[in-house]
Amino acid sequence: MHVRSGIAVSPGVVTGPALVLGSEDFRIPRKFVTRDAVDAELHRFHSALDDVCRDIRAHEKLVSAQLGAQYGAIFSAHLQMAQDPKLIREVETLIRDQSHSPEYAVSRVLRRFAEQMQALGDRYLSERALDIFDLEKRLLRTLLGESREELSNLTEPVIILAHDLTPGETATLDTRFVLGFATEVGGHTSHTAILAGALEIPAVVGLGRCLAGVSGGETVILDGDHGQVVIDPDTATLDRFRISQARNLRVYERLEQLESLPAETQDGQRVQLLGNIEFPEEVQQCIRRGADGVGLYRTEFLFLSGNREPTESDHYEAYCRVLEACGDLPVVIRTLDIGADKIPGAMQQQFSDSQNPMLGLRSIRLSLRNTPLFKTQLRAILRASVYGNVKVMFPLVSTLLEFRQARMILMDVMEDLEDEGIPFQRNLPIGMMVEVPSAVLLADEFAREVDFFSIGTNDLIQYTLACDRSDPSVANLYRSGDPSILRLIQMVMKAAEKHKKTVTVCGQMSSDPRFIPLLLGLGLRSLSVTPHAIPRLKEVVRNVSITEAERIANHACELDLARDVEHFLLGELSRLCPDLVV
Amino acid sequence: MSGSDVATRQVRLSVPHGLHLSPISQLVSRASEFSCSVTLSFDGRTADVKSVYDLMLLAAPYGAQLMLEARGADADLAVDALAKLFEGGFLIPSE
Chain A
1 MHVRSGIAVS
11 PGVVTGPALV
21 LGSEDFRIPR
31 KFVTRDAVDA
41 ELHRFHSALD
51 DVCRDIRAHE
61 KLVSAQLGAQ
71 YGAIFSAHLQ
81 MAQDPKLIRE
91 VETLIRDQSH
101 SPEYAVSRVL
111 RRFAEQMQAL
121 GDRYLSERAL
131 DIFDLEKRLL
141 RTLLGESREE
151 LSNLTEPVII
161 LAHDLTPGET
171 ATLDTRFVLG
181 FATEVGGHTS
191 HTAILAGALE
201 IPAVVGLGRC
211 LAGVSGGETV
221 ILDGDHGQVV
231 IDPDTATLDR
241 FRISQARNLR
251 VYERLEQLES
261 LPAETQDGQR
271 VQLLGNIEFP
281 EEVQQCIRRG
291 ADGVGLYRTE
301 FLFLSGNREP
311 TESDHYEAYC
321 RVLEACGDLP
331 VVIRTLDIGA
341 DKIPGAMQQQ
351 FSDSQNPMLG
361 LRSIRLSLRN
371 TPLFKTQLRA
381 ILRASVYGNV
391 KVMFPLVSTL
401 LEFRQARMIL
411 MDVMEDLEDE
421 GIPFQRNLPI
431 GMMVEVPSAV
441 LLADEFAREV
451 DFFSIGTNDL
461 IQYTLACDRS
471 DPSVANLYRS
481 GDPSILRLIQ
491 MVMKAAEKHK
501 KTVTVCGQMS
511 SDPRFIPLLL
521 GLGLRSLSVT
531 PHAIPRLKEV
541 VRNVSITEAE
551 RIANHACELD
561 LARDVEHFLL
571 GELSRLCPDL
581 VV
Chain B
1 MSGSDVATRQ
11 VRLSVPHGLH
21 LSPISQLVSR
31 ASEFSCSVTL
41 SFDGRTADVK
51 SVYDLMLLAA
61 PYGAQLMLEA
71 RGADADLAVD
81 ALAKLFEGGF
91 LIPSE
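As they're listed, the protein sequences go chains A and B.
Its first residue numbered 1, the first sequence is counted upward by one per residue in our numbering.
Its first residue numbered 1, the second sequence is counted upward by one per residue in our numbering.
It is worth saying that the hints were derived from the structure and are not from the lab.
Just so you know, not all the hints are guaranteed correct.
To be verified - Quick look at which bits of chain A chain B covers, simulated, 3 or more residues with Cβ under 8 Å:
no., segment
1, 74-82
2, 420-427
As the list claims (entries may be wrong) - Heads up, simulated BS3-like pairs for lysine-lysine below, C-alpha to C-alpha not over 30 Å straight-line:
no., chain 1, residue 1, chain 2, residue 2
3, B, Lys84, A, Lys86
4, A, Lys61, B, Lys84
5, A, Lys86, A, Lys137
Where a beta carbon is used, it is the ideal one built from N, C-alpha and C, also for glycine.
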């Protein structure tokens with residue numbers, strides 16, 4: 001039996017056989033091929049090369065359109081490197097004459113080029129070796145991709161163990177067969193983690209190196225509530241798992257009964273529980289659980305799902321689907337919040353060149369820099385706005401100027417639509433995410449100009465405590481219960497009350513039942529959460545009164561350590577809703 | 001027209017940082033438009049002008065004197081086109 005702890009990112013406890021996916025360092029499974037397979041292997045090499053070239057061309061187009069031709073030119077050099085006659089000749093020779101596998105041949109040839117480059121003693125040229133390694137990685141990924149295809153060809157339930165899963169891989173997991181997944185790397189709010197939550201697949205990330213000894217087929221218990229993975233559990237552990245699973249199921253069934261009941265406190269205060277969604281399909285999950293609307297519609301997937309920039313009609317169709325499903329319920333559409341960490345493939349290099357991609361060109365900064373891209377999205381939002389109750393929200397606003405610029409661009413787009421005689425909702429509410437400490441410090445000024453605030457705790461915690469949320473080695477600093485975060489929320493509430501603006505909390509803090517009494521006590525009346533958390537949160541709301549919540553908040557705000565705050569809140573929760581404390 | 005046409009030309013590299021990725025990229029895409037084979041020699045090394053890797057390994061610095069040599073039906077045209085890139089200092093016409 002082997003127990004590993006990681007970060008719990010998507011709840012649920014499951015057991016099943018392990019399916020181990022290859023590690024990203026591309027161990028080459030097979031160095032040689034049989035003589036009679038040579039033609040097939042040559043063909044495999046060429047088709048991998050074609051795929052890689054197609055990807056590079058798509059990136060070139062995307063980058064040229066967004067950043068200008070001089071950036072796109074980087075990719076044309078990459079394309080030449082991939083199509084290089086010398087590379088192709090040498091790889092073909094190794095496959096044909098030495099029976100090398102395409103993987104081994106590609107790796108040998110490119111590594112030799114890179115070595116020669118590094119040996120020249122020219123700093124610029126030796127850095128180009130990195131481009132060669134990048135090409136090697138792309139080719140190997142494409143060549144080895146076949147073994148990863150297992151993912152879409154599953155025929156029996158499994159628990160996936162991998163070094164890492166890309167957001168794309170996560171998005172395409174077949175939820176009929178994937179019971180859960182665990183990865184060696186990744187953090188709380190990595191895109192893969194957010195997706196696991198959206199797909200409602202139990203998941204644990206950030207396990208650290210542990211897969212070397214697992215060959216697949218072993219029984220695994222994956223505990224997405226506590227972030228634990230047990231490989232090859234003993235009988236006693238399996239029994240314990242079965243008992244707690246039966247108990248969880250009972251609680252879950254009871255909570256499902258709450259759907260039709262309002263989220264109302266003991267003293268009659270109605271609380272708005274909204275859903276966070278990523279895909280239009282998730283609206284159903286919200287509605288089914290009695291959500292009051294969509295408090296955060298993340299639109300990044302429109303940008304991530306293909307290699308091309310989404311068109312206005314891509315945006316428009318997705319928004320209309322969400323609005324149609326929501327009827328009169330409010331839908332808050334957040335504009336592009338892409339960060340360097342979330343952009344796939346070679347785009348990543350453009351943005352993460354800096355040492356601090358999280359502090360770089362992302363989100364509203366990227367939108368303001370790429371007005372055509374931004375306007376395309378805003379046009380679609382406005383056009384869709386006639387079909388429902390839409391609000392638009394700008395992410396990562398750090399200065400008043402940014403907010404004003406974004407609003408001005410929105411006004412420009414409105415004018416264009418008006419000129420073209422296209423209908424839209426003129427008084428569409430315009431809000432902002434509060435997730436940068438500067439926005440909290442200036443909350444009073446912002447509150448004069450915005451229609452609403454939405455506190456994005458994930459980024460707010462990361463920027464306030466200066467800790468990378470995806471880095472497990474500083475994960476101990478990343479805590480929703482940190483007194484500084486409580487203080488910041490108080491400041492936002494105060495400014496919003498003064499100017500009579502509404503505040504919602506989205507982000508993982510509001511999906512955690514422990515924090516619900518605290519947030520209500522701080523004055524929050526609207527929470528936007530992962531859809532599957534709605535029944536549990538409703539249970540908390542229905543078991544607490546505002547008076548009691550205020551007492552809890554007052555006490556929590558007097559504590560000076562995150563640990564103490566969280567411990568106190570857990571105690572209160574186990575008193576209010578013992579069932580929810582597992 | 002015969003397949004044994006050979007054209008040569010001496011060229012000077014006037015790019016401040018030497019033969020780096022941008023000029024290499026231009027040479028490769030220009031050379032690839034021709035059917036003849038083209039080589040560039042410098043300091044005892046010879047590179048295939050249609051190969052990025054070969055050109056990088058040539059490691060030609062600013063001011064280097066290089067020898068262009070093309071063999072094939074369109075050898076003259078190729079050498080003319082490539083020599084023009086050297087003469088123009090590999091400047092990308094501004095947009």
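Verification of the hints:
For the segment 74-82 of chain A, the proposed coverage by chain B is satisfied: 4 residues have a C-beta within less than 8 Å of a C-beta in that chain, meeting the threshold of three. Under the rule that three or more residues need a Cβ within less than 8 Å of chain B, the assignment of the segment 420-427 of chain A is violated, with 0 such residues. About 25 Å separates the Cα atoms of B/Lys84 and A/Lys86, which keeps this hinted pair within 30 Å; it holds. Proximity of A/Lys61 to B/Lys84 is assessed by CA-CA distance (about 28 Å); at most 30 Å being required, the pair is judged to hold.
The suggested pairing of A/Lys86 with A/Lys137 holds, with an alpha-carbon distance near 18 Å, which does not exceed 30 Å.
In the structure shown, a violation is registered for the earlier hint numbered 2 alone.
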